[in-house]
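Chemist: Full structure from sequences and hints, please.
Residues per chain are reported as follows:
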Amino acid sequence: MPDVTRKILWSVLTAGTALATFSAVPARADDPSADLMARGEYIATAGDCVACHTAPGGKPFAGGLKITTPMGDVVTTNITPDPDHGIGKYTEEDFEKSLRHGIRRDGSRLYPAMPYVSYAGMTDGDVKALYTWFMHGVKPVAETPPVTSLNFPANLRITMGLWNMVATSETPETGDSATFDKMRRGKYLAHALEHCGTCHTPRNIMLSEKEDSYLAGASLLGWYAPNITSSKTGGIGNWSEDNLVEYLKTGHVAGLSQAAGPMGEAVEHSTSHLTDDDLHALAAYILQVPAKDDEAEHSPREQYGKPLEQADVRSGELTRIDNLAQMDGAQIYDANCAACHGGNGAGTADHYAPSLFHNSVVGSARPDDLIMAVLNGVDRNAGGVHVHMPAFNQSSDVQRLSNAEIASVVNYVTATFGSGDHGVTAEQVEKMGTELPKTP
Amino acid sequence: MGVCGPDPKVEDLGSPRKQPYPMDALPISYAAQQFRKLIGEKTPYRVVHEPQARNTRPYDSRPTCEGHNNCMPICPIGAMYNGSYSVYHAEAAGAKFVPNAVVYRIERDSANKRVTAVHYYDPDKGSHRVTGKYFVIAAHCIETAKLMLFSADEQSPDGIANSSGHVGRNMMDHTGVQVSFISGDKALWPGRGPLETNVIDNFRDGDWRNERGAYLVHMVDDNQVDLATQLAIAKGYVGRELEEQIRYLASHTVRLFSHNEGLADPDNRLTLSKTNKDILGIPHPEVYYKLPEYTVKSCEHTRGLFRDLIGLMHGTDEEWTPGYFPQDHPAGSTIMGTDPTDSVVDGFCRTHDHENLFIASSSVFSSVGTGNITLTVAALALRVADTLKKELAHA
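Protein chains in written order, with the numbering used here: chain D, 314 to 753; chain W, 663 to 1057.
Since the hints were derived computationally from the structure, they do not count as laboratory data. Hints may be right or wrong, so weigh each one.
[Unchecked claim] Covered stretches of chain D, as calculated for chain W (at least 3 residues, CB under 8 Å):
hint	region
1	652–665
2	707–715
[Unchecked claim] So the derived list for chain W, only partly shown, Cβ under 7 Å to chain D, looks like this:
hint	residue
3	719
4	728
5	766
We treat Cβ as the ideally placed atom computed from N, Cα and C, and that holds for glycine.
Modeler: Printed below as a string of structure tokens:
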């Protein structure tokens, strides 16, 4: 099964490629303290390094995730401490340069999909901890993933140097990040570690994040990372801090939303492992990000819809579904969705299968994420619950729906439980299906 | 395919395993919990988890069972395995699937040792020939035997792989006993959770098996509103009382059935009809089947057990399925064995007569046991695949 969607590199650009050869072996600190190691591991988790630097089914941090981009195929690199295949020969200084400035040990530029403009905000102490953990806590893997081959002009690494001149980097925080007060810690987590803006902030013509639209929503690789500013109509201004903490911890809040696609990955690999204090700090910071009203969303997307009143079988006309030339949206829903989400759309009592009304994804004016969820399913293992909705695309092992059928059922679902029929077409679904990265 | 089952250290089912089941056992429904408690406290028997191919976690891109009780005929969300998933995997690995193709002839080389091609009809009776290095017949037990018999020619006048004369013989089924009744004890509320979570396994084996067949008892956990409604109407209730009775009866109905073991008897056999043919001109199968005395005795024993259980639960309104309750688990017809004179395939499901012809089907069962047959069929198919892989790699 194509599994690459699990590890989408959430960027329009591309990650660094395999490293050149090295000569000197750097000296390493002996016996790093347990505290430093623990902090390094935590920083790696909060920075979600594993999401991009691990191939589907591959060894952790050994790279090899292949992503199809408009500029060509990109393969992430091995960042295990293997001296020949990974970053084993990196000194702390080399490591810092690539992490915060996007400059490799051989002096060439990393592609800015590696979110070094965000990691630039890390404190010196956390960079040290991260370096220490990568050198001592990660198992070396002696494998070199295939080399990235991009189209012109992105294939010229010098181009990335020019890009750096116009892109804005975070300013490094100073002091001990563990002692920051709640709001400063929240900002540090949001900007320097979790790099929320990489996906949620729209980009300008130079593909840099727009500073005046921080977290105002952006479309990438078929999914739409929604507006999560404090706007009450277009963002998440009606969420409480506890709501957001629960979402980041479990990937789901009944009556609000649930994470799928790359956000599901971020929750599974990163945010669900943060401490409660950090989650509250992060949530408090995100919830005070200046409101930016949305171009498309004019009413809170989580408040749409209500249960469908179902006709009593004793009083209505029964519809036979076994002899229809073409099923309409309601019939496709009945045959494929109702078993879990209920004929009335209320989901299961324990919310394992979420309600479709009072659901941000269904209520959104942009049907992108609903289409992507139907096409690719949901696979999110966080907070002790492994949620799995099957894919309904043409390689599904459960049920294969055509693009026209998916368009039809999406329109039925948004019309019945969300903000209306958005007129999704089969062509639109097909395009979104092809935006997915392909397995090598 | 993904099988869930209990940890052998906690619940030993008497079937040795090298490793635990891939998935944890299914949680036992409320009705089954109550039933298990009763059996454990009031009888010398036990209720155990039944191993089965239902997902208790996401597995193979298919979701976890949500226990909505709509398992039959196939799970709408793919939480329960069926053969189509293996077909999807085969296609993804490069297999070509030809739909609406009815194979009617198996061609061999001049020495009659190797199969060289199969011929099939499309729906318009256009004939097509497919050649290959290896051939696997996987047409369940009726059609497998039928095809092999219908392919008889001058080289093999009794049919393909039939030097033993045993193609079509030794057919078996799980014949069962079924009863439903209204428990006089507390409500069980059956129908909440997967259809099958539990079995009484005390009658799977014992010294008595030289006289009567083994069996397995299911307390079937399906929704009983249909049966309860018929019963309440038959009792003459109307209006508000009818609704109350449906609610009461549906929550107190208990349905028990058994899988009783058949015996491989060469006289129970499939032959080709001399009078009836299908639209393609292929004879219909004809089956002679006499319930073995061994199975009859087993069913009698089951009836006694069921009567005891009804008494134990202060049951009323017994509804016994008349005669026997066939489970539609056909097996036998090209049975496995070491002796080529009384069996059709060897231990690797390879036909004794043709070195490149295999059979992946319940037709190779030489005994039908007590459990549903699909998982064993799938396991044997995987065994065939292993042999083919090994031989093709050396070819």
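Chemist: Would you mind marking each hint as holding or not holding in the structure?
Modeler: Evaluation of the provided hints:
1. 652–665: holds (count 4)
2. 707–715: holds (count 5)
3. 719: This hint holds: residue 719/W lies near chain D, its Cβ roughly 6 Å from the closest one there, short of 7 Å.
4. 728: Given a least distance of 6 Å, the restraint on residue 728/W holds.
5. 766: Hint violated; residue 766/W Cβ to chain D Cβ min 30 Å, cut 7 Å.
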